[in-house]
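Given only the sequences and the hints, what does the whole structure look like? Please build it.
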Amino acid sequence: MQIVRLTEEKDILEAIKLSSYAFQNKVSEDRLEQVKRKYAGHDVFGSFENGKLLSKLHLISHESMIEETVMKMGGIAGVATWPEERRKGTVKKLLLHSLKTMRENQQAISFLHPFKISFYRKYGWEVAFYNKSYHLQSEHLKAIKPAGGYVNRLDETQATKVCGTIYDTYKKSANGLISRSSDYWKETVLKGYFNAVYYSEENEPLGYLIYDVEKKKMTVTEYVYLNREAQAGLWNFICQHDSMLDEVSMTVSETEDLDYRLDNPRIKQELHPYFMARIVDVKLFLELYPLRNNIDQSFLIRVHDEWAEWNHAVCSFDKHGVKLVNDDADSRILTVDIGSLTAFLLGARSARFLYETGKISGDKHEMERLDQTIQPKKTELKDFF
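Oh and the sequence shown: position 268 is 268 in our numbering, straight run, nothing missing.
Note that these hints are calculated values from the structure, not bench results. From a predicted model like this one, the values you see are computed outputs, not experimental measurements. No incorrect hints appear here.
Within a straight-line C-alpha distance of at most 25 Å, the following computed BS3-like cross-link-like pairs (lysine-lysine) qualify:
1. K364 to K378
2. K319 to K377
3. K100 to K116
4. K359 to K323
5. K93 to K10
6. K323 to K364
What follows is a set of in silico ranges between Cβ atoms, one per label pair, in the way DEER data are often shown:
7. E49 to E270: 37 to 45 Å
8. F115 to E33: 23 to 31 Å
9. H312 to D155: 50 to 58 Å
10. F23 to H304: 31 to 39 Å
11. H272 to K319: 36 to 44 Å
12. V27 to E368: 52 to 60 Å
13. S173 to Y150: 19 to 27 Å
14. V27 to P265: 39 to 47 Å
15. H272 to R153: 23 to 31 Å
16. S118 to V27: 27 to 35 Å
The C-beta atom is built at its ideal place from N, Cα and C for all residues, glycine as well.
Here it is, written out as structure tokens:
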């Protein structure tokens, strides 16, 4: 079996055919060129045997905001295998190849949307992002106290600039939100949707909605605001649709608290695991990680990483630097697997939770000091790939 980066048109077409089959999404002739251009922007790796494509994986280069620092991130997507070739270890080989490639690219972290969480957990990815959804009926559409500003709907060119500026400020408030180019805004975020921007009385844009309205239902895909005034102002804009809606469905962040401000907070809410994350290179990640600057007395972490041998070591880190050490007997050492370490450093889980559930082992006082010293922002991811 051979792993190859797909560059020839015949191989790209075969990969498109595999995706179409695996994800049950036929590609029409008029969409084929668009899909080929999309593939051209990815590193698509395939496993081959006797010239036949068995499975494939897309590695997409992104930038992710972690503690207000931009890190290079490798997005894993489009993993697919022909049914007759499944359970032969082809995807495992592609994942391990992608880890080595991401390390070479200095992509310190990787995100993916799993078809099966337990499968990717085996290879070090862990659930780090959740999506919450609100489901409201027309009876819930009662305005909050007027915010004082106003809402405008913008054309695509205006929205790309204004919403992009709001988003770039907002993404500093959480860990995980990715950078978006103007083309990405136009082609992926805004295309096919309405938008609405909330402005303060001083004409400052403070929040936006991306939404659709069809068959008496509003579907909100992004609800982003920089302060409580904009939170209320955008909600009031939704309420202005009360005469034309039976229901509203909103995808919001895990920490969204709009329900508390509603006249009737008794609404249906759902929380779903969304994306998984994995540190690709622990040393590189910690060198870039801003919260390391809070550490006066070093921590010693023994990292278990079965699939990336460069991480399988004892790591010492503090505000002065990061190094791999040979001291395996120090009583201060905390032991953790790569997925749990990722969840902790991103802010998805506390050290105490991981300690109590057996994911971190070692000295309890060191665990408590870790929690007190490193307090990450919460995680959030709005994009899909």
